[in-house]
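Residues per chain, in single letters:
There are 2 protein chains.
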Amino acid sequence: MGRGKGNLIVGQSGGPTVAINSSLSGIIHEALAQKSVGEIYGMYRGIRGLLNEQLIDLRRQPVQVIEGLRQTPGAALGSVRYKVTEGDYERILDVLKRRNIRYVHYIGGNDSSDTSWKLSKLAAAAGYELSVIAVPKTVDNDLVHTDHCPGYPSAARFVAMATRDTGRDTESMGPESPIKILEVMGRNAGWLTAAAALARQEEGDAPHLVYVPERPVGVDQLLHDVEHCYREREYVVIAMSEGAQESPGKTLGEEYGSKEVDVFGHRMKGGVSDFVATLLSGKLGLKVRLDKPNYLQRSLTACASAVDLDEAYRVGRQAVKEAVSGRREAMITLVRDAGPGYHCSLAVASLADVANKEKMLPAEFMNTEGNYPTQAFLTYARPLVGELLPAYERLNKHFV
Amino acid sequence: MGRGKGNLIVGQSGGPTVAINSSLSGIIHEALAQKSVGEIYGMYRGIRGLLNEQLIDLRRQPVQVIEGLRQTPGAALGSVRYKVTEGDYERILDVLKRRNIRYVHYIGGNDSSDTSWKLSKLAAAAGYELSVIAVPKTVDNDLVHTDHCPGYPSAARFVAMATRDTGRDTESMGPESPIKILEVMGRNAGWLTAAAALARQEEGDAPHLVYVPERPVGVDQLLHDVEHCYREREYVVIAMSEGAQESPGKTLGEEYGSKEVDVFGHRMKGGVSDFVATLLSGKLGLKVRLDKPNYLQRSLTACASAVDLDEAYRVGRQAVKEAVSGRREAMITLVRDAGPGYHCSLAVASLADVANKEKMLPAEFMNTEGNYPTQAFLTYARPLVGELLPAYERLNKHFV
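So the protein lines, in turn, are chains A and B. Numbering (the numbering used here) for the first sequence: 1 to 400. Numbering (the numbering used here) for the second sequence: 1 to 400.
Be a bit skeptical, because a hint or two may be false.
You can't tell identical chains apart in this list, so a pair holds if it fits in one copy or across any two.
[Stated by the list, open to error] Listed next, the in silico DMTMM-like pairs over lysine to aspartate or glutamate satisfying Cα-Cα at most 25 angstroms (straight line):
#1 LYS287 to GLU39
#2 LYS283 to ASP57
#3 LYS121 to GLU90
#4 LYS121 to GLU232
#5 LYS287 to ASP111
#6 LYS359 to GLU86
#7 LYS287 to GLU387
#8 LYS397 to ASP94
#9 LYS97 to GLU242
#10 LYS121 to GLU203
Treat the hints as calculated values from the structure; they're not laboratory data.
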């Protein structure tokens with residue numbers, strides 16, 4: 001069996017984040033420190049790398065590479081979107097046994113926790129001693145049983161900073177092009193979109209309206225909201241989830257989008273913000289501008305949250321500790337301490353309780369009108385994102 | 001006449017930048033230091049503020065506000081897009097005379113230098129002693145007679161960082177969604193799009209293709225370029241100017257875009273990157289993802305260039321020095337010193353030589369194929385943008 005009691009493998013899955021490699025770095029560092037860990041393998045492009053036996057040797061990486069991963073965006077091992085099927089089970093078990101892999105760490109979100117749970121059950125059924133400890137990662141922040149998910153604080157910081165900055169830009173242009181829509185990731189859950197509200201430092205600051213999938217908004221209400229805000233200050237900054245809904249289950253404008261065809265005759269997907277932009281300019285006669293930073297939300301390290309990078313690393317180390325201590329299956333979770341001051345401790349949840357579940361923005365995190373986050377949300381999210389710096393100034397409007 | 005020889009007015013015009021308020025801060029600081037300057041007025045929303053006599057008293061601003069402007073995005077005075085017409089002349093001259101304004105500073109790009117030049121000629125023709133010293137500002141970097149324009153280095157830094165980070169994200173996903181298009185501002189000039197090339201730190205890094213308006217690319221050539229890059233490494237990151245052309249004067253896909261109508265029956269503008277995305281997915285069968293950060297390019301302070309903020313401030317101060325020293329009209333310019341090391345000195349150009357002229361990316365800044373910037377461009381742009389930090393790592397692909 002060589003060095004240690006068994007070999008370890010780690011994979012990354014789903015959309016990358018700014019912090020996903022920080023978790024990988026934590027796993028490698030802890031694995032190197034644990035005597036019971038033999039070889040340290042990386043799945044090249046997620047579970048597919050395990051299936052194809054494309055394994056990267058993580059013991060043969062220079063020290064500065066493992067350290068540098070803590071601030072490198074993207075998934076350094078390569079990622080994948082692949083749902084394990086029953087047809088894959090035999091092959092997976094074969095590779096695990098042949099390679100004497102006893103510790104599996106999968107860094108990912110909902111689908112990944114499902115994959116981890118399947119692997120764990122598979123090994124148990126086959127009587128193969130295996131520890132599967134999942135590491136949470138998703139900018140959507142929708143995993144249950146954890147205060148938040150690594151990756152979310154940095155993406156939330158991007159959204160807050162982008163809202164603050166594009167807000168100043170929009171304010172400058174005034175009535176010439178008064179409406180700005182920032183389209184934010186998150187098809188089902190509004191956690192990331194709600195983070196836009198962290199941009200507001202003074203009364204009247206952007207954002208002015210925040211729409212999340214959990215709170216559908218009819219077209220008439222939307223028009224009313226925007227018109228009301230515009231009358232107040234001559235410009236309106238809207239943070240709009242890409243999954244914002246018109247009514248439960250129906251994305252805003254989806255019936256319009258689906259009628260359009262592209263240059264090849266394919267039906268075009270209805271983009272929520274494109275629809276809303278067209279709606280507002282058509283019905284209110286106001287110029288609308290869009291920002292669609294898309295994948296920059298989960299990759300721009302210039303907006304990384306220091307809390308996030310640190311926690312992601314700690315969660316990675318903890319996963320290995322749990323594995324070598326004999327725990328058979330779990331996802332590492334973050335548990336917020338009582339305070340004063342922000343700190344999260346590490347704990348575990350059973351994969352059975354995490355897999356295939358989605359945590360939506362709770363009702364108390366949005367106002368009654370469903371168009372702005374509450375103080376309770378801000379209190380939750382602010383320590384994750386940190387202070388927005390530098391501080392900005394505004395000229396006093398002393399007219400002569 | 002009160003304090004000083006005459007009063008000073010400053011306005012901001014066109015699209016804001018991360019650095020436009022740094023120039024404003026420099027102007028106010030220098031004006032406060034000059035004994036010959038009496039009142040210091042700000043035009044509320046550009047030349048319209050002068051026309052409407054909506055003037056902000058800049059002597060009545062707290063010290064920390066003027067200092068804080070150096071790092072505040074947006075146009076603190078409010079901006080405007082308005083072309084002065086002959087019908088406005090009488091009114092402008094009347095306000096200038098009545099308010100004893102002797103120094104005018106207009107911070108802006110091409111249109112603003114034209115406005116400044118008109119004001120200068122107007123005063124000269126009326127025999128009214130006036131100094132008009134324009135302050136360059138544009139993320140497009142297309143003003144002539146200056147090494148570069150304040151505002152450009154920060155926007156270029158955003159584009160470089162965004163390309164580097166979304167490049168890592170795209171690389172992670174590999175063949176699952178292998179094509180990323182980053183749409184970059186600049187309808188006529190490719191300076192900002194070319195800055196994407198600063199993201200490349202190792203051979204093979206993103207970006208892989210860079211398309212600028214100055215170098216039209218036919219649809220067949222585009223398909224060939226992308227296919228070639230995809231064969232090499234299974235993913236392709238493209239920096240695409242919003243004004244990229246198919247042939248001289250014809251935006252890529254403009255004939256397709258113009259055929260489509262929105263939900264209200266209005267014709268939709270053809271977005272270059274949307275067209276290219278549809279083209280690539282249709283013809284090559286590859287998944288294409290888009291980033292359209294739009295106004296974040298000119299506002300996200302997290303990507304501000306330190307060189308830019310400093311130069312913008314210096315240019316502002318210099319404008320006031322030139323005005324009080326008796327210069328009647330000019331735009332402040334940046335002149336790159338011989339080196340070693342990067343430094344720009346300040347000089348002046350006549351508004352007559354600047355107004356209504358556009359500086360395109362020179363031929364030697366793009367390769368023969370017209371799909372990537374040259375080393376000469378990188379040498380020009382790198383000191384403006386500065387080092388991209390933190391350094392990123394990549395795992396060595398030691399397969400077991």
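Against the structure, the hints:
For a Cα distance limit of 25 angstroms, the shortest separation of LYS287 from GLU39 qualifies neither inside one copy, at 59 angstroms, nor across copies, at 36 angstroms. Proximity of LYS283 and ASP57 under a CA criterion of 25 angstroms is satisfied in neither setting, with 59 angstroms inside one chain copy and 38 angstroms between copies. With identical chains, the CA atoms of LYS121 and GLU90 are at most 25 angstroms apart within one copy only, with a shortest distance of 13 angstroms there and 84 angstroms across copies. Taking the closest pair of Cα atoms, LYS121 and GLU232 never come within 25 angstroms of each other, the shortest separation being 58 angstroms inside a single copy and 40 angstroms across copies.
Taking the closest pair of Cα atoms, LYS287 and ASP111 come within 25 angstroms of each other only across two copies (21 angstroms); inside a single copy the shortest separation is 40 angstroms, beyond that limit. For a Cα distance limit of 25 angstroms, the shortest separation of LYS359 from GLU86 qualifies neither inside one copy, at 27 angstroms, nor across copies, at 62 angstroms. In this homomeric assembly, LYS287 and GLU387 never come within 25 angstroms of each other (Cα to Cα): the closest approach is 32 angstroms inside a single copy and 37 angstroms across copies. For the homomeric pair LYS397 and ASP94, the shortest alpha-carbon distance between copies (23 angstroms) is at most 25 angstroms, but the shortest distance inside one copy (72 angstroms) is not.
In this assembly of identical chains, LYS97 and GLU242 lie within 25 angstroms of each other by CA distance neither inside one copy nor across copies; the values are 43 angstroms within and 53 angstroms between. In this assembly of identical chains, the alpha carbons of LYS121 and GLU203 never lie at most 25 angstroms apart, being 53 angstroms within a copy and 43 angstroms across copies at closest.
In terms of the numbered hints stated before, the structure departs from hints 1, 2, 4, 6, 7, 9 and 10, listed from lowest to highest.
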